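Using the sequences and the accompanying hints, generate a full structural model.
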Amino acid sequence: MINLLFFGRLGDFATQVPPTIEASTPAEIRQLLTADFPDLARELQQPQVLVSVNKMIVGWDQPLFDGSEVAFLPPVTGG
Amino acid sequence: MTTRIRIQQQDFDLAEEYQLLRQGHSTVGAVVTFSGLVRDFELSPEGSERIDSLNLQHYPGMTESLLKNIVEQANSRWDLIATTVIHRVGELLPMEQIVLVGVASEHRADAFEAAQFLMDYLKTQATFWKSVKGNGKHQWIESKASDQQAAARWDGVADE
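The listed protein sequences derive, respectively, from chains A and B. Following my numbering, the numbering of the first sequence begins with 1 at its first residue and continues without gaps. Following my numbering, the numbering of the second sequence begins with 1 at its first residue and continues without gaps.
Calculated directly from the structure, the hints in this document are not laboratory data. Note that the structure is a prediction, hence the values are computed from the model and not measured. Please note that the accuracy of each hint is not assured.
Claimed, not checked - Calculated cross-link-like contacts (lysine-lysine; reagent style PhoX-like; alpha-carbon spacing at most 25 angstroms): (1) A:K55 to B:K68; (2) B:K144 to A:K55; (3) B:K144 to B:K133; (4) B:K144 to B:K68.
Stated by the list, open to error - Quick list of simulated restraints, FRET-style, between CB atoms: (5) B:T2 to A:A27: 40 to 48 angstroms; (6) A:A27 to B:G29: 45 to 53 angstroms; (7) B:R39 to A:A35: 38 to 46 angstroms; (8) B:E49 to A:E69: 29 to 37 angstroms; (9) A:F65 to B:H138: 35 to 43 angstroms; (10) A:R42 to B:H25: 49 to 57 angstroms; (11) A:G59 to B:Q149: 22 to 30 angstroms; (12) B:T3 to A:T34: 38 to 46 angstroms; (13) A:D39 to B:N135: 22 to 30 angstroms.
Note that the Cβ used here is the ideal one computed from N, Cα and C, for glycine as well.
The structure is reproduced here in C-alpha cells:
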C-alpha cells in the first residue's frame with residue numbers, strides 16, 4: 001500500500017480521499033483519483049504542484065514500493 | 001559551523017538566540033538576525049483584508065531536512081560560524097513572531113548576505129503553508145512571484 005498526504009490547499013480537496021492506495025507511480029495515483037475526485041485531480045495537474053516520495057522531491061514517474069509515502073505539495077508559503 | 005534548526009509551536013526569544021549565536025566563538029565579528037512577524041492584514045485580489053489569525057502547516061521530517069540543506073548551501077557560499085533557523089507552526093495571532101534567521105560570521109558581508117539567502121530559500125523551498133482566518137473565512141495564502149524572483153537572484157552567484 002502507498003500512503004498519501006496532501007498539504008496546503010490540496011488538503012481541502014482531499015478530505016474524503018482514503019489514506020492509502022495501490023499504485024506504481026505518483027502519476028498513476030493522480031490518474032486513479034480522477035474518477036472519484038475530479039476537483040482534486042485538476043489541482044494536481046497544476047504545473048506548480050510538486051510530488052515527494054519518502055520526503056524527497058521526485059518526478060511523477062518515480063517507481064513506488066509497498067509502504068512508500070507520497071505527498072502532494074502546492075507552492076510553499078512559509079517565512 | 002554551529003547549526004541550530006528548530007520548528008516549534010512556541011515563541012522564541014530574540015535576545016537569547018542572539019547570545020547563542022555569539023557565544024563560544026571568539027572569531028565572531030558580525031551577527032545578523034532577521035525576524036518575521038504576523039501582520040494583521042493580508043493582501044488579496046479584493047484589496048487589504050484584516051485577519052484574525054494565521055495558521056502554519058508544515059511537513060514534519062521533510063521540512064527539517066530541507067532547512068538543513070539550505071543552511072549547508074549557505075555555509076558553502078559564505079564563511080559562517082553559526083547559523084540559527086527557527087520557524088513557528090500552528091495558530092499565530094497578529095504581531096506574533098513567525099520566523100527567525102540568525103547568522104554569525106567574522107565579517108558583516110557574509111552574515112548579511114547569508115541571512116538574506118537563507119530567508120529567500122526558506123520562503124521558496126521549505127515545506128510550510130500559510131492560511132489565514134478573518135471575516136469568518138479561511139483561505140490559503142498564494143505564493144508570490146516576488147519571492148521566486150528574490151530566490152532566483154542567487155542562482156548565478158559564484159561560490160566564494
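Checked hints:
As the CA atoms of K55 of chain A and K68 of chain B are separated by approximately 14 angstroms, the hinted pair is consistent with the 25 angstroms bound. At roughly 24 angstroms between alpha-carbon atoms, K144 of chain B and K55 of chain A fall within 25 angstroms of each other, so this suggested pair holds. Of the pairs offered as hints, the one joining K144 of chain B and K133 of chain B holds, with about 19 angstroms between alpha carbons and a cut-off of 25 angstroms not exceeded. With a C-alpha separation of about 23 angstroms, the suggested pair K144 of chain B and K68 of chain B falls inside the 25 angstroms cut-off, and the hint holds.
Remark: the range hint 40 to 48 angstroms for T2 of chain B to A27 of chain A is upheld by a beta-carbon distance near 42 angstroms. At roughly 52 angstroms, the beta carbons of A27 of chain A and G29 of chain B sit within the given window of 45 to 53 angstroms. About 42 angstroms separates the C-beta atoms of R39 of chain B and A35 of chain A, a value consistent with the hinted range of 38 to 46 angstroms. For E49 of chain B and E69 of chain A, the Cβ-Cβ distance of about 36 angstroms falls inside the hinted range of 29 to 37 angstroms, so the restraint holds.
Against the hinted window of 35 to 43 angstroms, the Cβ-Cβ separation of F65 of chain A and H138 of chain B comes to about 36 angstroms, which satisfies the hint. One distance hint, 49 to 57 angstroms for the beta-carbon pair R42 of chain A and H25 of chain B, holds here, with the actual separation near 52 angstroms. Take G59 of chain A and Q149 of chain B: their Cβ atoms lie about 25 angstroms apart, and the range 22 to 30 angstroms holds. T3 of chain B and T34 of chain A have their C-beta atoms about 43 angstroms apart, which keeps the hinted 38 to 46 angstroms range intact.
Judged by the Cβ atoms, the range 22 to 30 angstroms given for D39 of chain A and N135 of chain B holds: they are separated by roughly 24 angstroms.
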